[in-house]
Each structure stands twice: as structure tokens, then as C-alpha cells.
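Below, each chain spelled out in residue letters.
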Amino acid sequence: MATTKEIKNRIKSVKDTQKITNAMYLISSTKMTKAKKELDNTRPYFEMLKKQIITMIQMKESAGNLYFREVPVLGTDGGEVPEAAVNEKESVAFLVITADKGLAGAYNQNIIKEAMSLIKKYPSYKLYVVGEYGRRYFEGRGMNIDQSFLYTAQNPTLERAREITRIITKQYIDGTISKVFIVYTDFRNGLMGGDVVSEELLPFDREDFQLDPEEAEMLKDSNIEYMPDVMSVLNNIVPSYVAGYIYSALVDSFCSEQSARMSAMDAANNNAEELLETLNLEYNHVRQSAITQEITEVSAGSRGQKKSKKKRESREEGLN
Amino acid sequence: MNTFELHILAAERSFYEGPCESLILPLTEGMYGIQANHVNMIAGVVPGELTYRVPGGVDEHAACSRGMVKVENNEVTVLVDTVERPEEIDVNRAQRAADEAKEELLKKRSRQEYMKAQMELARAMSRLRVSKLKKPR
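If you read the sequences in order, they're chains A and B. End of the first sequence sits at 319 in numbering that gives the first Met the number 0; the numbers just go up one at a time, nothing left out. End of the second sequence sits at 136 in numbering that gives the first Met the number 0; the numbers just go up one at a time, nothing left out.
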């Protein structure tokens with residue numbers, strides 16, 4: 000059995016670790032609230048933007064816009080326009096959002112698993128990785144990363160999202176990449192660190208931009224002039240919308256990361272609590288047995304003393 | 000003077016909400032003025048200087064970046080990535096950005112990069128211009 004000193008040391012180290020995990024828990028929770036608040040500030044803008052985009056792509060003139068996938072529309076002769084054949088050689092970009100740090104449960108593993116399964120499907124790909132963890136992983140696998148981003152100062156910002164958008168849309172417009180996928184963690188209600196989501200970011204699906212019937216009715220009545228035309232206005236604002244989308248994905252991922260870390264740290268706290276309990280019990284056991292032993296030794300010693308005293312006395316008596 | 004409702008929305012905040020007499024802003028086609036009862040329209044906004052006048056007040060200036068403007072039934076909505084008042088602009092930073100952009104332009108790289116630097120320069124220059132319009136205190 001360990002000595003009391005060893006156990007005491009152990010208890011102290013567990014307590015210290017618990018202090019750290021507890022602090023990490025608190026930090027994660029404030030970071031999450033802050034990021035969420037910042038996202039909420041941008042909501043009205045991006046909702047408005049989406050509404051405008053929706054209105055515009057209802058116009059005939061928006062057909063053939065670079066940013067939108069053409070749905071098979073009925074041609075003038077009533078026949079369907081054939082869908083473009085899937086090109087095997089087309090290059091696809093992946094934007095994978097991971098965390099900068101570990102210690103967040105299975106958060107990073109889930110993202111990477113999803114990304115890997117998606118990447119396998121495309122022979123030619125470009126990787127854009129957010130987060131140090133993802134960068135290390137892909138680099139370790141010998142995969143070519145086109146660009147990696149870190150969360151600046153551990154916080155997703157709109158400026159960052161714009162920079163990512165600039166890089167990706169540039170490639171998209173050039174035609175170097177034909178599709179952009181984004182793999183991130185959706186926060187949902189913050190239950191168990193969110194779900195991994197992979198979505199096609201570009202081109203947009205027109206189906207996702209549908210009007211309510213009510214609004215469609217209203218739109219018919221209003222006649223709006225476009226300056227200079229629908230296409231250029233659309234091209235002017237779509238990158239902003241993409242940035243907004245990436246930003247919300249960044250914040251969602253960031254919140255999920257923090258919430259995953261919170262639950263991981265919570266579990267660590269509980270474990271430490273449990274460990275402390277058993278260690279305390281063990282410590283008391285050891286201490287008790289040490290005391291018992293001491294008492295036994297003392298009493299045995301005193302009995303021995305008594306015995307020898309008696310012996311001496313009896314000897315002395317005999318002498319007298 | 001007739002007024003119209005003006006909403007200026009930047010990405011992270013609502014910049015101005017309320018009545019307005021006139022609005023001048025940079026569109027893809029050039030500087031453009033909007034007054035009350037303007038015909039319904041939608042147009043693209045480019046980085047530059049935006050000026051609006053609240054009823055009975057003086058002209059308010061701001062630097063804006065890319066976005067769009069919508070005029071519908073005497074209600075004007077400006078949606079841009081960022082809007083800054085003159086006093087919010089960091090002159091040194093804008094100057095640095097302008098210098099960097101000019102340097103990029105001189106490097107004569109790909110067309111794409113040239114365009115990007117040009118945009119960067121336009122943004123920085125509009126910031127610098129607007130920052131000079133700071134109200135005397």
C-alpha cells in the first residue's frame with residue numbers, strides 16, 4: 000500500500016488538474032456566448048441579403064448566373080434541357096472547419112471522418128482547412144493543403160470569413176474549381192456538441208432560394224428597375240452572402256467546439272471528483288492503519304516496559 | 000422637403016434607421032443620388048463615399064464597401080459589408096492599406112490580383128477621403 004505522503008501528493012495533483020479543467024470549462028462557456036452574440040448581430044443583414052437574392056433569381060435575366068446551378072428548366076419547345084454530365088476530372092474544393100486545439104471530445108475526429116469520406120469520392124480536390132488540428136492531420140497524411148487558416152485570436156470574425164470567401168470564389172470564378180463543399184459542425188441546439196454537416200456551398204441550389212407564395216404575389220405587383228442589370232447586381236452581392244454563410248459556419252463550428260470542450264471538461268471534472276473520493280478513502284485507510292499500528296507499537300512497547308519493570312522489581316525484591 | 004425611410008445595414012450592425020432627405024452613394028455605374036419618391040430600383044454598390052442628409056440636418060458622410068441598394072415604395076435599404084463614420088476610421092491603417100495596394104498594383108501580377116489590389120485601393124482611398132470630412136469639434 001502507498002504511503003500517506005504519496006497519496007497526499009496524488010490528491011494534490013488531481014486537485015490542480017481539476018482547477019485547470021474547471022477554468023477551461025468556464026472559458027469555453029464565455030467564448031461560446033460571445034461568438035453567439037456576434038453571430039446574432041449579423042443575422043438581420045444576411046437575412047435581408049438572402050431575401051434580395053431570392054427576389055433576384057426569380058427574374059428570367061438571372062439565368063446562367065455563375066453562382067447558381069441551373070435546374071433543368073423547360074425549354075421553349077417543352078423539352079428538358081439536358082443536365083451537364085458529371086465531369087470526372089473536375090476539381091472540387093473542400094473547406095474543412097476544425098479546431099485549433101484538442102481536448103474537445105470527439106469534435107475534431109468527427110469532422111475529419113466526414114471530410115475524409117467525402118474527399119475519397121473525388122479524385123481531384125483542393126483542400127482549404129480552418130484550424131490547426133485539421134492542418135496537422137492532413138499534413139501528416141501527406142495530403143496537399145492549398146491553404147490553411149487559423150482562427151484569429153481564437154475567435155471567428157467576419158473579416159476572416161471574407162478572406163476565405165475571396166480566395167475560394169476567385170478559384171471558382173476562374174473555373175479552377177467547379178464545386179465547393181463545406182464541412183463543418185452545426186451547433187443546432189447545442190446538444191452534445193452539434194452534428195457534422197457537409198454541404199455544397201457553391202454553386203447554390205436554386206431550390207434553397209424559394210419564395211413564400213405570399214411574397215411571390217407581392218413581387219409580381221412591384222416593378223423594380225435594375226441598374227445596370229440583374230446579373231451585375233447579383234454578382235455584386237453574392238460574394239457577401241457567401242462570406243455570411245462561411246461566417247455562420249465558422250461560428251457554428253466554434254460554438255460546437257466550445258460546447259464539446261465544455262462537456263469534455265465537465266466529464267473531466269466529474270472524474271476528478273470521483274478520483275478524489277476514492278483517493279481520500281484510501282488516504283484515510285492508510286492513515287488509520289498507520290495510527291493503529293503506532294498504537295499497537297506504543298502499547299506493545301509499554302507492556303514490554305511494564306513487564307521488564309515488574310521483572311526488575313521482582314528481582315530487586317528477591318535481592319532484598 | 001419630402002423625406003423617405005432610409006435603412007443602412009452593415010454586416011455587424013444597423014448603421015442608420017430613420018427618415019432621410021437625400022442620399023448619394025457610389026454605384027457600379029458611378030455616383031448616384033436618391034431623393035424622395037424615387038422610382039423602384041435595385042443596384043449594386045461599390046466601395047466609396049456615402050452621403051445622407053437627415054431632415055433639417057447637415058450632410059452625414061460615411062465610407063462604405065461593396066453591397067447593394069434597394070428602393071421600394073419610398074423606402075431605401077442599403078446593404079453593405081461595412082459602413083464607417085469619419086471618426087471611426089483609423090487613418091493610419093487606411094493609409095497603410097492604400098500604400099500596400101499601390102505596391103501590389105506595381106507588381107504587375109495576374110489580372111485577378113490586379114483587380115483585387117484595385118478594389119483594395121478604392122476601399123482605402125474612400126476611407127481616407129471620408130476621414131477628412133470629420134466634423135470639427
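Treat the hints loosely; a few may be bogus.
Subject to a maximum C-alpha distance of 27 Å in a straight line, what follows is the list of computed BS3-like cross-link-like pairs (lysine-lysine) [claimed, not checked]:
id, chain 1, residue 1, chain 2, residue 2
1, A, K125, A, K14
2, A, K178, B, K115
3, A, K169, B, K115
4, A, K18, A, K7
5, B, K69, B, K101
6, B, K115, A, K125
7, B, K69, A, K59
8, B, K115, A, K49
Calculated directly from the structure, the hints in this document are not laboratory data. Values in this document were obtained by computation on a predicted structure and should not be read as measured data.
The hints, checked one at a time:
1. A C-alpha spacing of about 46 Å is found between A:K125 and A:K14, which places the hinted pair above 27 Å, so the restraint is violated.
2. Taken as a hint, the A:K178 and B:K115 pair is honoured in the structure, with Cα atoms around 22 Å apart against an allowance of 27 Å.
3. With a C-alpha separation of about 10 Å, the suggested pair A:K169 and B:K115 falls inside the 27 Å cut-off, and the hint holds.
4. Distance hint between A:K18 and A:K7 is fulfilled; the C-alpha atoms sit about 17 Å from each other, no more than 27 Å.
5. For the hint linking B:K69 to B:K101, the alpha-carbon distance of about 33 Å lies beyond 27 Å, and the restraint is violated.
6. Of the supplied pair hints, the one linking B:K115 and A:K125 holds, its CA atoms being roughly 22 Å apart against a limit of 27 Å.
7. For the hint linking B:K69 to A:K59, the alpha-carbon distance of about 19 Å falls within 27 Å, and the restraint holds.
8. Using a Cα cut-off of 27 Å, the hinted pair B:K115 and A:K49 holds, with the two alpha carbons roughly 25 Å apart.
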